[in-house]
Every structure is written in structure tokens, then in C-alpha cells.
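Chains A and B supply the protein sequences, listed in that same order. Residue 3 is where the first sequence starts when you use this note's numbering, and the numbers rise one by one after that. Residue 7 is where the second sequence starts when you use this note's numbering, and the numbers rise one by one after that.
Derived from the structure by calculation, the hints contain no laboratory data. Careful: at least some of the hints might be erroneous.
Claimed, not checked - Cross-link-like lysine-lysine pairs, in silico, DSBU-like; alpha carbons within 35 Å at most:
#1 A:92 with B:183
#2 B:204 with B:183
#3 B:242 with B:183
#4 B:204 with B:234
#5 A:92 with B:242
#6 B:150 with B:183
#7 A:92 with B:150
#8 A:92 with A:140
Unchecked claim - Chain A regions said to be covered by chain B (calculated; three or more residues, Cβ under 8 Å):
#9 136 to 145
#10 283 to 294
Positions of the beta carbon are idealized from the N, C-alpha and C atoms, including for glycine.
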Amino acid sequence: MRGQSSTAATDAVAALDPISPDRERRQRAARRRNVLSALLFLSPWIVGFAVFTAWPLIYSAYLSLTDYDVINDPAFVGFENYAHLFEDPKIALALTNTLLFTAVQVPLYVVVSLVLALLINQAGRGSGFFRTMFFLPKMTPPVAVGILFLLLFNGQNGLINTVLGWFGLAGPSWTTDPAWVKPGLVLMSLWTVGASVIILLAALQNVPMELYESARLDGAGFWRQSFSVTLPMISPAIFFVVVVNTIAGLQTFDEAYTAFFGAGNTTYSNDAALFYVIYLFQQAFQFLHMGYASAMAWVLFVVIMAVTAVQLIVSRRLVYYEGEAPR
Amino acid sequence: MADLISEDGTTAQLDSPEVVEALEWAVSIYDAQGGFSAVKSYRDAADFFGAGNQFATSVLGAMPMEQWYVNVLNDVSPDAPMAFDTVRGRDGETLAFAAGSAWAIPSGADNPGAACRWARVMTSTDAWEAAAQARISAREEEGKPFTGILTGNADADELIQGMVTSGGEPWDTAVAKMYEANDATFALPANPADAEFKSAMQDAVNSVLNGQATPQEALASAQQTAQKALDDAWAKLDGGD
Numbered sequence: 003m004r005g006q007s008s009t010a011a012t013d014a015v016a017a018l019d020p021i022s023p024d025r026e027r028r029q030r031a032a033r034r035r036n037v038l039s040a041l042l043f044l045s046p047w048i049v050g051f052a053v054f055t056a057w058p059l060i061y062s063a064y065l066s067l068t069d070y071d072v073i074n075d076p077a078f079v080g081f082e083n084y085a086h087l088f089e090d091p092k093i094a095l096a097l098t099n100t101l102l103f104t105a106v107q108v109p110l111y112v113v114v115s116l117v118l119a120l121l122i123n124q125a126g127r128g129s130g131f132f133r134t135m136f137f138l139p140k141m142t143p144p145v146a147v148g149i150l151f152l153l154l155f156n157g158q159n160g161l162i163n164t165v166l167g168w169f170g171l172a173g174p175s176w177t178t179d180p181a182w183v184k185p186g187l188v189l190m191s192l193w194t195v196g197a198s199v200i201i202l203l204a205a206l207q208n209v210p211m212e213l214y215e216s217a218r219l220d221g222a223g224f225w226r227q228s229f230s231v232t233l234p235m236i237s238p239a240i241f242f243v244v245v246v247n248t249i250a251g252l253q254t255f256d257e258a259y260t261a262f263f264g265a266g267n268t269t270y271s272n273d274a275a276l277f278y279v280i281y282l283f284q285q286a287f288q289f290l291h292m293g294y295a296s297a298m299a300w301v302l303f304v305v306i307m308a309v310t311a312v313q314l315i316v317s318r319r320l321v322y323y324e325g326e327a328p329r
Numbered sequence: 007m008a009d010l011i012s013e014d015g016t017t018a019q020l021d022s023p024e025v026v027e028a029l030e031w032a033v034s035i036y037d038a039q040g041g042f043s044a045v046k047s048y049r050d051a052a053d054f055f056g057a058g059n060q061f062a063t064s065v066l067g068a069m070p071m072e073q074w075y076v077n078v079l080n081d082v083s084p085d086a087p088m089a090f091d092t093v094r095g096r097d098g099e100t101l102a103f104a105a106g107s108a109w110a111i112p113s114g115a116d117n118p119g120a121a122c123r124w125a126r127v128m129t130s131t132d133a134w135e136a137a138a139q140a141r142i143s144a145r146e147e148e149g150k151p152f153t154g155i156l157t158g159n160a161d162a163d164e165l166i167q168g169m170v171t172s173g174g175e176p177w178d179t180a181v182a183k184m185y186e187a188n189d190a191t192f193a194l195p196a197n198p199a200d201a202e203f204k205s206a207m208q209d210a211v212n213s214v215l216n217g218q219a220t221p222q223e224a225l226a227s228a229q230q231t232a233q234k235a236l237d238d239a240w241a242k243l244d245g246g247d
């Protein structure tokens, strides 16, 4: 009944105050101006997205179906490039290297980030200083990190082996022994944990103290509080760090390329560091197989999408989202 | 002596016994100094382009290297105890591998005649002589010797060798050895899979240096990769793709 009364009242008001055609035109013109203004403000991003993201994506999809060497026009070859991926032994090697690296690097990266974030969270007034210190290495250019890797992990007089030597341990040849190249790169990747530390620290500082007080009243100790309060409350942040670093791991390039394939190693390389994007880069810019490299890029895109989708599905069971973030 | 690739550029010969032997010899240089891992570690840690380079600091005994490095060493460590020689074959004759860049004119170029004339002028003896003269002036200003340029043009090389200025020993010997090597060079014949061929060859060498394969195994695998790359590239070229 209340609904019917309301409708009748609205109709009556509309009948008393009809919108004149002129007013309607003015409103439409105003709406158009608003839309145009919005588009104008958005146009730098729209142009940037179209030119630097959308068009390259579309063109790369087209190139993946061609034989293109940069000099001659692309020649359509259908799905030949994709078929060739299955015959190329280096694809399997590069994919295995990349997946292994990511599978080891991401969990370690998250654990180290979390431990550092927990420590900084306990640091009180000094936390700002440590936050800055841990973030600073993130500002290091990746090429410099690659060079740093060669120096720190140098088998003869690198810092890592020197420290191992203090404990009577003979360090391995991190930069040449294929069995130690990937572990070395994983350890080196921890150099840039700063960004993840900041994200996890922010999440830790958002956990309401009331939850800890309630847990303590219930008799929960440190570990119980950590597993039943802290981890669930920061699980969205952990999930974000996992997803972002997994994608970065699958696309890893700069440090490994500099250390094992870059200008300092024009003829030396190490198969153990041949990651997928490095091989893609070689195919595109060393051999000028742009079509093949584009096909590789799309396969990587699919792999990343698949891995991310699995992570999203798993996250439904493991990640706890609060409806309203407590202040 | 064997060629890495047949003269017509169609057949890889990376698994020939002579190539295997050459690789074994190259690896033995590193083995004699503690193995490749140790040598590379010292080389990575050394200030390769600076005064603390691996020879000035006496951490390396010998290293096969391209001729441009003579200039670096002369610049940064002129007093380091150095000796230079060419690589020699079993018969004692000098042996050297030559490589370099080249200009190519795409088949669909708008003005191939002009591009060709430009390339000819840029590689002419006169152009190289002018370049050498400019280099001499620049080096004189720095008080350093002119150690020559390798041009890919035999006439220009001969002319420029006569323009070299003395830097005393051992640098004069180094330059003389560079020109001696230049007279005994071999090069890979032009082929449409040059980058892939070199990559296969280098991968083989690296897998031996990294201890992943014997020279024979590595070069047998490289032979297959290189031959496939050559076959594919020649088929594409002959097919007019």
C-alpha cells in the first residue's frame, strides 16, 4: 500500500511540474558537456593505453601468426610459430627454469617479507627508519643488482662465500655451477623485498588491537594469536604479495640477463639462468624472430593467467576478507 | 685445420674432430689456471676496464682475447708486466678468427643505389685513412700511442699499419701481433642464420665450460641445432619469403 501511495504522489508532482522541452535539451547538453569534459581529462590515459598497451597487444597477437624479421614484411604462417614452440627444446628448458625459480622464490620472498614486517612492527618509534632502510634497495636499478650479484656471489672472493668461510664452509661457484645459479638468483632477489615489507607492515598495523585483547582474554598465546588473528587479518595483503611476485617471477629478466647474458657476458651464458623472457628477448632481438617471440609472449600470458586463476580459486579458501575494515 | 661451416655457408661442421680438439685446447687454458669457474670468478671480480684489471693485479696468467683489449690495458695499466702473442695452430702457424659488422640493403629499399654508394664510401680506403688520422690526433692529445684499426678492408689495413705510432714495449709487440693475426684470419662465410649459428656454437662452448657436457657431446648437439637453423634459413631465403 505504501508503495502505491508513493507512486501516485510522484505522478502528481510530475503532473504539476512538467519538464519543458527546452529544459530537457539544456540537461542533455549539460550531460554531453560533462561526458566530453570527462573524456578530455581521461584522454592522456586513453591515448597512452591505446598506443602503448592495446595496440601493441593486438599487433603482437597478429605478429604471432606471422614470420617477421623486422626488415621484410610479415608473412602469414598461421599457427606455425605456436606449433614450433613444442619442438624447441629451449622452450622446455626456459619454462622449467622459470617455474622452478618462481616456485622457490615466491614463498621465500613472502616469508622473508613477513618476518621483516613483523620485526619492524615491533620496532616502535624506530620503525620509520627501518622501513626506509628496507625499501631503499628497491630503488636500485635491476642492472646494478645483476652486477651486484656477480660481486656478492663471486666464487673466489665474494662476500657470501667469505662469510661462509668464517664458519668453515666452502661456498659453491654460484655464478658458474649450473646447480647453484638459480639458488643464487633466488637469494639475490631478496635484495628487493622492501616493497612487500611495506605492504605487509601496513596490513599488520591495520589489525585491530581489540582482536588481540579478546584472544588474550581467551588465553591465546603468541603463536595462537599469530595463526588465529594476525594471519587471517593480513591474508589479503599476503595474497596480493603472492600474486604480484608470482607474475614478476614468471617474467623475471633484468638481473639474470645482466649477470649471465648481458654486456659483460657477450659470449658467456649459463643455461641454468635461461629464463623464459630471456629466451623470448633473444628470439626477438638477437635472431629477429619477431613472430616466434610474439607467440612465446602469448603463451607466457596464458601461463600467467592460468597460474593467477588457480591462485584466485585457492585464495577463496585461504584468504579472509573483512566486510568493513576496522579503524 | 677445419672450417666451422662449409664454404658455401650451408653445412655446419661443428662436430668435426678438429673443432672438438680446438675446444679441448681452449678449455685446457682455463683448466691450467684452476678451471673456468675460478677464472671467471677472478675475472668478474677484477676491474676489467680499470687499473685493477686481472693482469695488473696478477690474478690471471693467460687469456685469449680480442685485439681491442690491448688499447684498454695500454690505457689503464701501461706498466703492467704483459706479453702478447697470437694463437697458433699445431703447425705453429698463427690462427685468428675475424668477425665484424656489415651493412645490408633490404630488397625493398627505396633507393638501393644511394645506399650502396654510401656503404662503399664509408668503407673506402680514404674514409678509413681519415678515421685513422682523426684517431691519431685524439690519441696524441692524450699523449698515447695510436695502436691501429682493423677495418675489413685489406688496403686500408696495410695503409693504417704504416701510421701506427710507437708506445714502447710490450705495446709495439702487441700491435705487431695484432696485424700478424689479421693476416692469418678465417671468418664464417656469409649465411642467413649467422646469429643462430653463433649462438649454437657459444652454447656448446659454455656448456663445456660450465661442466655440463664434454666437448664432443656439446658440439654434437650444437651441430644439430646449427644445421637446423641453417636449413630453415636457407629454405626461407631460397623460397623468396
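*So which hints don't hold here, by number, going up?*
1, 3, 7, 9
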